[in-house]
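Peer 1: Take a look at the letters that make up each chain.
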Amino acid sequence: MRSHFQLVLALVASLAASAGWSETLGDPVKGAKVFKKCQSCHQVGEGAKNRVGPHLNGIFGSKAGSDPTAKYSKGLIRAGDDGLVWTHETLDAFIENPKALVSKTRMSFRGIKGADDRLDLLAYLRGFSDEPSNIPEAEPTAQGNYHNLDPAILAIVGDSEYGEYLASECMTCHQTSGANDGIPGINGWPTEDFVVAMHAYKQKLRPHPVMQMMAGRLSDEEIAALAAYFKDLE
Amino acid sequence: MNFNRRLFLGTGVAAATTLAAPNVFAAGHGKPRVVVVGGGAGGATAARYIAKDSKGAIDVTLIEPSRMYYTCFFSNLYLGGIKTIDDLGHSYGTMAAGGVNVVHDWAVGVDRDAKTVSLAGGGSVTYDKLILSPGIDFVDGAVEGWDLSSQNAMPHAYKGGSQTELLKSQIAAMPQGGTFAMVAPPNPYRCPPGPYERVSMVAHYLKANNPTAKIIVADPKPKFSKQGLFQEGWANHYDGMIDWIGDDFGGGNVSVDPDAMTVTIDGDVTKVDVCNVIPAMKAGRIAELAGVTDGNWAPVNAADMSTKADADVYVLGDASQQGDMPKSGFSANSQAKVCANAVRGALTGSKVFPAKFSNTCWSLIDTNDGVKVGATYEATDEKISKVDGFISQTGETAEMRKATYEESEGWYAGITADMFG
Ligand SMILES: Cc1cc2nc3c(=O)[nH]c(=O)nc-3n(C[C@H](O)[C@H](O)[C@H](O)COP(=O)(O)OP(=O)(O)OC[C@H]3O[C@@H](n4cnc5c(N)ncnc54)[C@H](O)[C@@H]3O)c2cc1C
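Protein chains in written order, with our numbering: chain A, 1 to 234; chain B, 1 to 421.
Chain B on its own, in the form it takes in the complex:
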């Protein structure tokens, strides 16, 4: 029943679009339309799966400003000198072959009554179902002394590409015996083990190139993901190099001065050579502009990732507030498949299967010393709820750690092929 109404609406709206935005759509098709904003782990996967599985029955448009997607996953391995920047880049050129129409532009507004998304370059696109997967933005004023205008002096490197390259070049330019500082973010944030894998990889680089250098981490949290594994690894590989200052020791009481290149932790001023500020995060701004956020994130229904605010608008990945899943690329990819199945069902009447979610986060502590944590999840009425999980153990053999690292390389190849074809 719902399905007929949808199809009918889809047809009407599609025809209207042809008149309103001739630049974006060459011709009107009598097909339901899905618009996906953001071609990252969530958005690229959702766009491809909907296009692939609907076999042309749904018109899929992906709005993404960049021509290349630089993954954040494995970006720490680039900082460590284990991967190159080219290893991290993936072109959207393959999306068309997968049946996805890519528009390289920013989405700047969403009119949920008219069901249109407006673009920075002018014009708008019409949708029956809108999927937002814009990743994260930073909370203003989260770290005293830092704002976006300081991101060149003190990079966050928490979005892929140029920020990561900038941080890498600053680390390479550190004087012998210099200091690398990190201001770690409060929960919840993208990639819970990410900052600590980064510390490991920076230490890996420095150990080979600048062995008397120091790393200090100011952390507003009393504990962090895989803490036991990381701290064991730091003691084994980088003894004495890393000073982690948790909340119990004033790590949350921090301010920075990007001009003077100083960090003040609980009243102690330290002059540093590199300062990686990772501020508190919130959903990518377009989610807020669409009016589907509540506080910093967009609450969604676990069964299909539709927003609590609007049944025709879905939010995937880091921007969503869904329950127990960590904000990771693996999670975003997993959520995208559940969403794609539900959206296709709603628009074409195809079978909708029950939601299943999973996540595994691998982290590299030193060459061939990989660890992992993972869990499976199910949809309850209230949220995405954790079912079962596992974590690498301290004291594992070198062979097992190497196999874990090799597995992460397999995962990287798998997920990027899943996203881009």
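Looking at chain A on its own, in the form it has when it is part of the complex:
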């Protein structure tokens, strides 16, 4: 884990110049400097211990207020029981203004107003939590895009060549032969049914988690492209 983090640091340092990148990921090298503001109460990294505040190893993906050996306010423990889990978004909101997220938190810190500073800080802290490659259920390091369904969506004419490429991802589970065991065949589906079903997964109206996830990151055009491709597949 440590060496992985060092590698990330090295990679990040070498990429720091490239445009656009810091908007999504944050710079852990800069984040280490921002962390100085937290250091009087929090430790992180090898051998980190609970001090005034809890240590921050493994913070991503953990339930708020869940370390039995740390000191928390009642408010934070209650928030955890109500389902507050530390993700990129919740940590970001908490660090921006602790009292806005958890009233009466013990964290008497006025917050970090700069969005970039928070991003950098979170990128730094991320290196001390589970990585998705080691534990797939670890918190994502980037955010997905979400689009709302629009009535005009059904009118989109899909590009079936693009659909063929995208469909290769479906074929890992849905067999080209159209076989129906355990996982349904999807060959030859009418375009409209296909588009409606995919958007229902995307909006999490249909329950299946794999399909919610797969559909969740397809754009309207991509769903149309897939529909165009599968319609003609025998």
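Warning: the hint list may mix true and false statements.
Claimed, not checked - Here are some, though not all, of the chain B residues that point toward chain A, as calculated from beta-carbon distances under 10 Å: (1) K207; (2) P222; (3) K337; (4) V387; (5) S392; (6) A403.
As the list claims (entries may be wrong) - Below are the DSSO-like pairs computed for lysine-lysine, each with C-alpha atoms no more than 27 Å apart in a straight line: (7) K30/A - K308/B; (8) K223/B - K49/A; (9) K104/A - K36/A.
FYI, nobody ran anything at the bench for these hints, they're computed from the structure. Keep in mind it's a predicted model, so treat the numbers as computed, not measured. Don't be surprised by glycine CBs; every beta carbon is placed ideally from N, CA and C.
Once you have looked at the hints, place chain B with the ligand on chain A.
Peer 2: Just chain B with the ligand, lined up with the frame of chain A:
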């Protein structure tokens, strides 16, 4: 522009190959050449997709020593008695029909200047683009007392086929009330839930055949994939049989003695009947020989799986260091499609679409008690980055768990058809 230069180069190199290695290629074609090393989840998929989608415009050669590929996926179900060894075997005989030229040999070296791959049986093949998907090898000295020469006494069963069969026969031969030990690997390794699905399936077998037997797991990690789900399942189905010793309790301080059949965990010596040692892993050796590794793995660019070291050499699957994707068959298959699309584009000028990756790992805890974890990923400048994910919940209904297991069977049929046709 790039595309013309490539095509031209491809033609020249192909002609040279005819002279250098007449045994491998019967005739020179004026086509760009792709060589794929390793016919597993990554390599077989990439070879087939490039051949299929280029419709003969690219010459695709797959180098793979075995005639049959035995999947590691579902191999734990074989240990549990739920699948047979024949269920796991897939012949390369179908690859030719898919337009892939298969050479059954080991790749033993790569000359990146000359763009050739040398073969154990002599001769070499020339490439314009080289795709390596050799899976894993083990880090020397990772578990004190164990090396490759101990793999018969203490199998790893972390490569498919004979090792899996050996482990199964050792489990069947355990005396009543005997002990099965596992030394689990440190991160990162192939199939994060694999060791724990294995523990579940060994317990499933023992519960029916040797109910007083014990399982101990020495683990160098403080936690592991799907831990909550596995531990819930172990308590429900195999209460008292499994003792998992994590790093907090000395699970990382382990040595083995294959002659005495003992395991020493944090100073405590235990005599065991079966010992499954899964050492720390690294990229399959050919990646290192090709000079594209940095440390244990081969760093790659997320957009197309080309290596950081050489734009004409790609590494797929377990051997690659790509970012957030777990090392799984599903991941390797997903990466292969992105790579195939990019390689075809580079060699023939076909449209290159943006990279999209996904993974789902199903695990079976007991008959019809399936769980899963999955995520989608995108390519950033830095790495393959996780976008979104899900995991089965504790306390799900039996119907849902059964449906999850049936889905995994559907996936197995789907991915093997995708790999071999
Ligand atoms: C117990 C277990 C359970 C698993 N369960 C799952 C699961 O449920 N789902 C899942 O998605 N994944 C699972 N996996 C992981 C999966 O098996 C691997 O991640 C996947 O096979 C990786 O694909 P690959 O192409 O990188 O390597 P492999 O599939 O291992 O293929 C590598 C190939 O390269 C060949 N090769 C190596 N070196 C050379 C050389 N020098 N020359 C020529 N050929 C060479 C080998 O013979 C082999 O055929 C499991 C693994 C294990 C061990």
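Peer 1: Would you mind marking each hint as holding or not holding in the structure?
Peer 2: These are the hints, each one checked on the structure:
no.: 1; hint: K207; verdict: 25 Å, violated
no.: 2; hint: P222; verdict: 9 Å, holds
no.: 3; hint: K337; verdict: 4 Å, holds
no.: 4; hint: V387; verdict: 4 Å, holds
no.: 5; hint: S392; verdict: 8 Å, holds
no.: 6; hint: A403; verdict: 8 Å, holds
no.: 7; hint: K30/A - K308/B; verdict: 25 Å, holds
no.: 8; hint: K223/B - K49/A; verdict: 18 Å, holds
no.: 9; hint: K104/A - K36/A; verdict: 24 Å, holds
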